Amino acid sequence: MAEKIPAGSWVQIHDIELAAEERAPQVPEDTGRVPLEKWIKGFLQEAAELDEEVEIETVIGNRYRGRLVDADPSYDHSFGKAVPELLQVGRELKEMLREEGGE
Amino acid sequence: MAAKTYQEVMERRNQIMKEAVGIDYDRFRRNELVFDYEKMMAEVGYQLDEIREIQGQTGVGKTPLLELENLTAIARKLAPAGKGARIFIKDEASNPSGSFKARRASVSVYHAKKQGYSGVVAATSGNYGAAVASQAVMRGLDTIIVQEVYDSQGKGQPEILEKGRKCEAYGAEVLQLTVGPELFYTFLKVLEDTGFFNASLYTPFGIAGVETLGFEIISQLRKDEGQDPAVVVCTNAGGGNLTGTARGINKAGAKETAVVGASVDLSGLHMASDRDFNRKSFTTGHTGFGIPFATWPDRADVPLNAARALRYMDRYVTVKQGEVFYITEALAQLEGMERGPAGNTSLAAAVALAQEMDRDEIIVVQETEYTGAGKHPIPQLNFARENGVEIRRGDPEDEVPGENIIIPEEPGQIKARDLDLKRIRLSYLNKALENSGLKELGREEVKFLSAEINLSVEKTRELLEENFEVEIRH
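Chains as they are written, first to last, in the working numbering: chain A, -13 to 89; chain B, 32 to 505.
Some clues are possibly wrong.
Here are the computed lysine-lysine pairs in the BS3-like style, where the Cα-Cα straight-line distance is at most 25 Å [to be verified]:
hint : chain 1 : residue 1 : chain 2 : residue 2
1    : B       : K446      : A       : K80
2    : B       : K220      : B       : K145
3    : B       : K462      : B       : K70
4    : B       : K186      : A       : K27
5    : B       : K490      : B       : K286
6    : B       : K35       : A       : K27
7    : B       : K490      : A       : K27
8    : B       : K108      : A       : K80
9    : B       : K186      : A       : K67
10   : A       : K80       : B       : K114
If you're looking for bench data, these hints aren't it; they were derived computationally from the structure.
All of these numbers come straight from a predicted model, not from anything done at the bench.
Given only the sequences and the hints, what does the whole structure look like? Please build it.
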C-alpha cells in the first residue's frame, strides 16, 4: 500500500478545466484535440495517496478539489549549461571597442 | 450556482466584467464604432499628479535613466560618418517587482482597495503577475494570477515558470493552465467566484499608471541633458507599454519626440497552438501579440481597451530572437547590467536605429526587466535546443521562428526592420468597419478613425475611400 501524504502538506493538484470537446470553437486544430488542464498548489486538507481526489486550501484560503499529482512541488527551472553561441559575444564587442577608427 | 460551461460563462462576460472593474463602458460609446477615448481616460483614470502620489506610496517609478556609452560607441563604429545617436535606458528593473509593470499594477490595486475589493485577479504569464502581487501585498489585498504555462505534455516555458514562482514569492495564488484562449474563461470564473477586482492590463488604470514612465523620461533628460529625446523605443506586445509611455511624453509636452514600437519577430508561430507553444523563446514583446493588438485592440479582457498603440506609434519595427539574446549579452558585458531578455527587444532595435540618427540626438530605450533562473538567455536557449530549435551563430536574417535562433556574428547584423504601418492601418480600418457594420461614415466617425490610426482626417478619408466600400458624408 502506498504511503499516505499527511494532511497539511504543501501539494499540487490537477484538474481538467475543459475536456477537448468543450473547448472554445476558435482554438487551433492541435490545441482542440487536447483538454485544457489546470494545476494549483495548496495545503492538503486530509491525508491522501497520490492520484486520489483531494481538497486543498491555497495560500490565500481558497478551497479547490482535484487529483493529487505532486506531494512536494518544487521549482526546477534553472540556468543550465553554458551556451557556447553566447560565450564569445562579450569578448568580440570589447575587442571592437579597443579597435581604432570608425568613431 | 451559475452554470459553468464555456458558452455559459462567456455569455455572462459583460456582467462579470462590469462588476469586476466597476466601469460602465457603455457610457463612453457613441455608436457601434465611435467611443470617447479621452473621456474614458479622464473620468475613469487618475490624473498624472495623483498617480505620482499613488506610486510614491509603494516605491514605484523614479527609476534611473542611464546612458549606455559603450553600446553607443559600438553603434557609432557601425554608423555612417556623423551618425550614431546617444543611447539611454530607463532602468525599470529597479521597480519593486522588477519591471515597469509595477506602474501598470499600482493604480489598479490602489483603486481596488479604495473601492473595497478584498483581492485582485490578473490573467498574465508575464511580469505583470508579480507586479500585481507585489502591489497587492503593499496594499493588504489578496492576489490570484491565472497563467498559461504548459503544453499538453506538461512541459513549461522556463521563463513563465520563473514568473509563476515570483508571483508565489509575493503570496499570490497561481492557477497554472495549458495553452489556449480559454484562459479567459477560467479568469471569468475566478472573478465570479471570488468577487475580486479585475486588475486587467487594459483598463484606464493600467494605462494611466504607465504615463509616469514617459513623463519621467522627458523630465530627466531635460534636467540632465537639456534636450528632449528624438526617439523613444518601446517593446510592444499588447500595446499598453507604448500607449502609456507615449501619453506621458505628450503630457510632458515633448512634441518632437517620435515613438517607435519594437517587437520580436515570431511570424509563422500560432500563439494558441499546443505544438508551437514551446517553440518560441519569447513569451511577450513579440509580433504574435503586437500585430493583432495594434490592428484590433478590443480583443482584451475588458470591453474597451485603453491600450491603443496604433494611436501613438510613429514607426513599428521588428527584431529577431537571436538579436535580442545577443544584445542582452552585450548589455551585461559592456554596460554591467544583467537584464531582460524580453524587455531588451527595444534595446536591440535602438542599437540599429541609433545608426540612422545624428550624433547629437538621443534615443531612449524605455524599459529593462529583472532577470533570473529560467528568465535569461541561457535557460531560454537551452530550452529551445531541447525542443528541437537549432541554435547557431550566423546572419539573423536567416532566422525562422520555431526552427532556429541565430545569434549574430557581429553587431552590424542587427537590424530594425520596418513593418508597413499603412498595412496595419488598413487592417485596423477593415476590422473597425466590419465589426461596426457601418456603411456610411459622418464627420464624427472619420475623426474617430483618424485618431485611432494616428493619421490626419484628410489622409484617413483618402484611405477609406480608396480601400473600402463606404459612403463618406462631407
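Check the hint pairing B:K490 with A:K27 against an upper bound of 25 Å on the C-alpha distance. violated, 54 Å
Proposed proximity, A:K27 with B:K35 (alpha carbon, max 25 Å): Between B:K35 and A:K27 the Cα gap is close to 22 Å, so the pair holds against 25 Å.
Hinted pair A:K80 and B:K114, Cα distance within 25 Å: holds, 21 Å
Would the pair B:K186 and A:K67 pass a check requiring their Cα atoms to be no farther apart than 25 Å? holds, 19 Å
Can you confirm whether the C-alpha distance between B:K462 and B:K70 stays at or below 25 Å? Given pair B:K462, B:K70 holds - Cα atoms ~23 Å apart, limit 25 Å.
CA of B:K108 to CA of A:K80, is that 25 Å or under? holds, 13 Å
Need the status of pair B:K446, A:K80: alpha-carbon distance at most 25 Å? holds, 20 Å
Does the alpha-carbon distance linking B:K220 and B:K145 stay inside the 25 Å limit? holds, 23 Å
Regarding the pair B:K186 and A:K27, is the alpha-carbon distance no greater than 25 Å? holds, 17 Å
Hint consistency between B:K490 and B:K286 [alpha-carbon to alpha-carbon, up to 25 Å]: Measuring from Cα to Cα gives roughly 21 Å; hence the hint holds.
In summary, the structure is inconsistent with hint 7 from the numbered list given earlier, while agreeing with all the others.
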